[in-house]
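Student: In case you want the letters, here they are:
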Amino acid sequence: MTKKNITFAGIIFEGGTADKYKTGGWRKLRPTLDKDKCIDCLICWVMCPDSAVIVEDGKMVGFNLEHCKGCGICAMECPDKVKAITMEEEEK
Amino acid sequence: MATVTGTKKVVGLTGNSAIAYAMKQIDPDVCAAYPITPSTAIMEEFSGYYADGQVSTELIAVESEHSAMSACIGASAAGARVMTATSSQGLALMWEMLYVASGLRLPIVMAVVNRALSAPINIHCDHSDSMGARDSGWIQLYSENVQEAYDNLFQAVRIAEDKRVLTPVMVCMDGFITSHAIENLTLIDDAEVKDFIGEHEPAYSLLDTENPITVGAMTLPDAYMDIKHQQSKAIAASKDVVLEVAKEFEQRFGRSYGLMETYRLEDAEVCVVVLSSAAGTTKVAVDELRSKGKKVGLLKPRLYRPFPHEEIMEALKHCKAICVLDRADSMNGFGGPLFTDIRASLYDAPERPVVINRIFGLGGRDYTAEDAIGVYEELFKVVETGKVERLSAYLGEE
Amino acid sequence: MATLKELSQIEERFTGGHRLCAGCGIPPIMRLILRAAGEHVVATTATGCLEVGTTIYPYTSWRIPWIHSAFENAAATMSGIESAYNVLKRRGKIAQDREIKFLAIGGDGGTYDIGFQALSGALERGHDMVYVCYDNGAYMNTGIQRSGATPFGSATTTSPAGSVHPGKQQRRKDLTRIVAAHRIPYAAQASPHNWRDLEKKAQKAFQIKGACFLNVISPCPLGWYTKPEDSIEDAKLAVETCYWPLYEIEDGVLKINYKPKEKKPIEEWLKKQGRFKHLFKEENRHIIEELQKEVDRDWETLLSLDGKRLF
Ligand SMILES: Cc1ncc(C[n+]2csc(CCOP(=O)(O)OP(=O)(O)O)c2C)c(N)n1
Ligand code: SF4
Ligand code: SF4
Ligand code: SF4
Ligand SMILES: [Mg+2]
Numbered sequence: 000m001t002k003k004n005i006t007f008a009g010i011i012f013e014g015g016t017a018d019k020y021k022t023g024g025w026r027k028l029r030p031t032l033d034k035d036k037c038i039d040c041l042i043c044w045v046m047c048p049d050s051a052v053i054v055e056d057g058k059m060v061g062f063n064l065e066h067c068k069g070c071g072i073c074a075m076e077c078p079d080k081v082k083a084i085t086m087e088e089e090e091k
Numbered sequence: 000m001a002t003v004t005g006t007k008k009v010v011g012l013t014g015n016s017a018i019a020y021a022m023k024q025i026d027p028d029v030c031a032a033y034p035i036t037p038s039t040a041i042m043e044e045f046s047g048y049y050a051d052g053q054v055s056t057e058l059i060a061v062e063s064e065h066s067a068m069s070a071c072i073g074a075s076a077a078g079a080r081v082m083t084a085t086s087s088q089g090l091a092l093m094w095e096m097l098y099v100a101s102g103l104r105l106p107i108v109m110a111v112v113n114r115a116l117s118a119p120i121n122i123h124c125d126h127s128d129s130m131g132a133r134d135s136g137w138i139q140l141y142s143e144n145v146q147e148a149y150d151n152l153f154q155a156v157r158i159a160e161d162k163r164v165l166t167p168v169m170v171c172m173d174g175f176i177t178s179h180a181i182e183n184l185t186l187i188d189d190a191e192v193k194d195f196i197g198e199h200e201p202a203y204s205l206l207d208t209e210n211p212i213t214v215g216a217m218t219l220p221d222a223y224m225d226i227k228h229q230q231s232k233a234i235a236a237s238k239d240v241v242l243e244v245a246k247e248f249e250q251r252f253g254r255s256y257g258l259m260e261t262y263r264l265e266d267a268e269v270c271v272v273v274l275s276s277a278a279g280t281t282k283v284a285v286d287e288l289r290s291k292g293k294k295v296g297l298l299k300p301r302l303y304r305p306f307p308h309e310e311i312m313e314a315l316k317h318c319k320a321i322c323v324l325d326r327a328d329s330m331n332g333f334g335g336p337l338f339t340d341i342r343a344s345l346y347d348a349p350e351r352p353v354v355i356n357r358i359f360g361l362g363g364r365d366y367t368a369e370d371a372i373g374v375y376e377e378l379f380k381v382v383e384t385g386k387v388e389r390l391s392a393y394l395g396e397e
Numbered sequence: 000m001a002t003l004k005e006l007s008q009i010e011e012r013f014t015g016g017h018r019l020c021a022g023c024g025i026p027p028i029m030r031l032i033l034r035a036a037g038e039h040v041v042a043t044t045a046t047g048c049l050e051v052g053t054t055i056y057p058y059t060s061w062r063i064p065w066i067h068s069a070f071e072n073a074a075a076t077m078s079g080i081e082s083a084y085n086v087l088k089r090r091g092k093i094a095q096d097r098e099i100k101f102l103a104i105g106g107d108g109g110t111y112d113i114g115f116q117a118l119s120g121a122l123e124r125g126h127d128m129v130y131v132c133y134d135n136g137a138y139m140n141t142g143i144q145r146s147g148a149t150p151f152g153s154a155t156t157t158s159p160a161g162s163v164h165p166g167k168q169q170r171r172k173d174l175t176r177i178v179a180a181h182r183i184p185y186a187a188q189a190s191p192h193n194w195r196d197l198e199k200k201a202q203k204a205f206q207i208k209g210a211c212f213l214n215v216i217s218p219c220p221l222g223w224y225t226k227p228e229d230s231i232e233d234a235k236l237a238v239e240t241c242y243w244p245l246y247e248i249e250d251g252v253l254k255i256n257y258k259p260k261e262k263k264p265i266e267e268w269l270k271k272q273g274r275f276k277h278l279f280k281e282e283n284r285h286i287i288e289e290l291q292k293e294v295d296r297d298w299e300t301l302l303s304l305d306g307k308r309l310f
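Protein chains in written order, with numbering that gives the first Met the number 0: chain A, 0 to 91; chain B, 0 to 397; chain C, 0 to 310.
Below are the EDC-like pairs computed for lysine to aspartate or glutamate, each with C-alpha atoms no more than 20 Å apart in a straight line:
#1 C:K4 / A:E55
#2 A:K58 / C:E5
#3 C:K235 / A:D79
#4 B:K319 / B:E268
Quick caveat, the hints were computed from the structure, so don't treat them as lab data.
Whenever a hint applies, use it, and build me the whole structure from the sequences.
Tutor: This is the structure:
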C-alpha cells in the first residue's frame, strides 16, 4: 500500500513547513517575561535555538510556546542588570 | 517509415572519442568527472573541446569520483543537464552517490567504460563495475560497438529526462575493446542532435529561490517505502520510453534499437545470451555454425536495467538450451548476474529451456569465435544427453 | 554593522518546530548566518544533527532552497550547484541580475574528517561559496563518537574515560589554519555568543568572491553533558579561555578579533562539562595541565601571528 500524499522523490515543495510542527510539548520549564523590566535588547531573540522569541517592530513581545522547548537560554542571556525572563515549572 | 534525415557522415573514431564527440554535440550544462583508465580519454577530449570554446559547459575537474557524482547531483538538482564518465574503481567509489542520484530522481547521464574491479588490480574489460551498480536504480544500456555507444548516449538523455522516467542512465561500453578501438561510425549533425534531445526542463530546481524546496529530507518508515515505490514504478515504466525513444531515433537516423538485439534466434535450438562487444564475436560463431546447418542463435540485451524479463522470455522460450555468458562473477556460488536474471525470467516459460552459465572474459581475458563455438557445442551436448554437467563454470575451466 | 533590531526585521528563514535538542548551539548560528546571506541563498547540509533535526519529512525548517545528499560531500554537492548557476546564467536561463549565494554546512565530522577531501577539493577549485562548519566536537548525531575535532582528554562513546585510556588521547586538528592554507580569500573562527563578530564574519564571507570558510564552535548539551541554558555561556568560556580564539585570515593576513583582558584557565571551561569530569580525578589531572599548555602555546603562536601575512 502506498500513500498518495507522498511528494515526488520525497521533496518538500514548500519552505518552512516545520513551523506547523509543535515542539512545545518538550518543555519542562516555561519562560515568562516581565515586560516592565525588559529593555528590548533582543539578545534573547538572537540566541533562541527555536526561533521562539517573538519580536514585533523591534520589540520583544513574548514567546511562541508551540516551538519553545524551555531550554532557558533566553533567561540566562537576558542581561544581568535586567533579568526580565524567569523559567517556571510547566503546569501539567 | 519516415525518411532518414541524419547526415551520413562516416568517420573512424574510438569509443572514447565518439562519446566525447557526442558530449560535445550535447553540450551539457555541467560535467564533473575524474580520470580513470579506460574512460580517461572521454574527459580529456571533452576538456579539449572546453578549452577551445567548442562547448560552454561548466567543467568541474573534481578531486574524486565520489565528488564527481556529488557535484553532478548538486548541479542536476539545480536544474542543469549533467553528464559524466567513469570506469571500475571510479564507479565503485561513486556507489553511495549512485543511489542518491536515482533516489532524488535526477536525470544524470553517465558513460561507463567497463573495466574489472580490484583486487587484483586490472585495467582491462569486464562488467564487474557496472554489474555492481545494477541495483542502484540507474537505467543501464549496454553497447556492442562504437556506433551503439554513440547512439545510446543521445537516447539516454531523452530517456533520463522523460517526465515519466526522471531516472539517471548509464551507457556502458567495453573498456579497450570498444573504448580504444577505432571503428567506422555514422555521425549525426549537431543541429539534429540538438533537435532530437531538445531543451532540458528540470522537474525541480534549487536555483528557484522564490519557491524554496527541501530536497533529500529525512524520511521515517511512514514515507520512505512510498518514495521507493514511486521510484520502482518509474524505472519499470522506463522500458516503454526506451522503446519510444528508439523508434523516434530510428525514424530520424535510420538505425534501429530495441530492448535487445536477437541474431538468427527465431528458429534457434540453442542460444547464447551475452552483453556488449562479445555479442559481435559470437555472431561470427553463429554464422559459421549456421553455414553448417546448426540452428544456433544469439540474444544481446541492450536494456539491462530495468530488466525486460517478459520480452526476453518471449524471445528465448522456444530454445532447448541456453548459455548465458557473464563478464562478471556474482561470487555467490551460483552464477553471474545476467544468468540469474535470465534464468528467473524463463521460469514462467511453458516449456522451460535448460539455462547454463559461463563466466568469461574477466580482466580482459580473450573471448574468441572458437570459444563461442565451444559453448554452442556444449549446448548441443546438453540437448542430446538431456544432462547438464556443469550449471555454472568459468569458460575454458578444466 | 547591523543591530539586533535591524536583524530582527529580516525574515526568519530557519523556523522553529525542528527536532534539535533544547539548548542546541547550532540554530542560533544558522539563524544569524542566513540573515547575513542576503535575499537569495541556496544551502546544502551534510548528514548530522542539523540535517536530521531540521528536515524530518514533510517538515522542513528551511525557507530557502536546501539539499542534503550525503555525509562527506557537502562541498562537492555545492560545487555542482554553484557551477549550475554559473552556466545557467551564462546561457540566459537565470536572470542576469539575480545574485544567488551558496552555503555549504557540515558538522565537525562532516568537515574535519569524512568530508575533508571534498572540502579541500572545492576550496582548491575556488567555487564561490561559503562553507560553515559547526564544530560541536564529536559525531553527535550518531551518539557522541570522537572526531578529529574532539578536544584532547574528552570522553566520547569511542574514547570513553577508561582507567587505562582516560578519554581521547590525541590532540585536535587545527582545521581553520589547514583550510586557510588552501590560500582561500577568507577563513575565520567564530562563536555564537559573540553575535556581532559572527554576523560580521558571515557578511564578509558572503561578500568576498571565492571559497570562504567559517568554523563556528557549537555547544551541544547532549554531548558535552552541559545544561541547555548554559550553551551560549559555554561558547563564551571557550573563547575566554582561548580554547577557541576568534580570528580571521583575510587575503593571507591573520587578525585576532578578540583578546580576552584576562585569559581564563582552561579548567573553568572543562569543569562545567561532563565530558571532562574524569580529568578532575587526581590521576588524570596531568591531562588538564597538558591541555592548558597546549592552549597557552597555541594562543602564543596566534598572538605572534596577529597582523602578519601567512601567505
Ligand atoms: C558515509 C557515512 N558514514 C557514516 C555515516 C553515519 N553518520 C551520520 S551523521 C554522523 C556523524 C556526524 O557528525 P558531525 O559531522 O560532527 O555532525 P553532528 O552530528 O555532530 O551534528 C555519522 C557518523 C553516514 N551517514 N555516512
Ligand atoms: S526557553 Fe529556550 S526555546 Fe524557549 S524561548 Fe527561551 S531560548 Fe527559546
Ligand atoms: S534579553 Fe531580556 S531585556 Fe533583552 S529583549 Fe530579551 S527579555 Fe528583553
Ligand atoms: S546532540 Fe548536540 S548538536 Fe545534536 S541536536 Fe542535540 S544538542 Fe544539538
Ligand atoms: Mg559534530
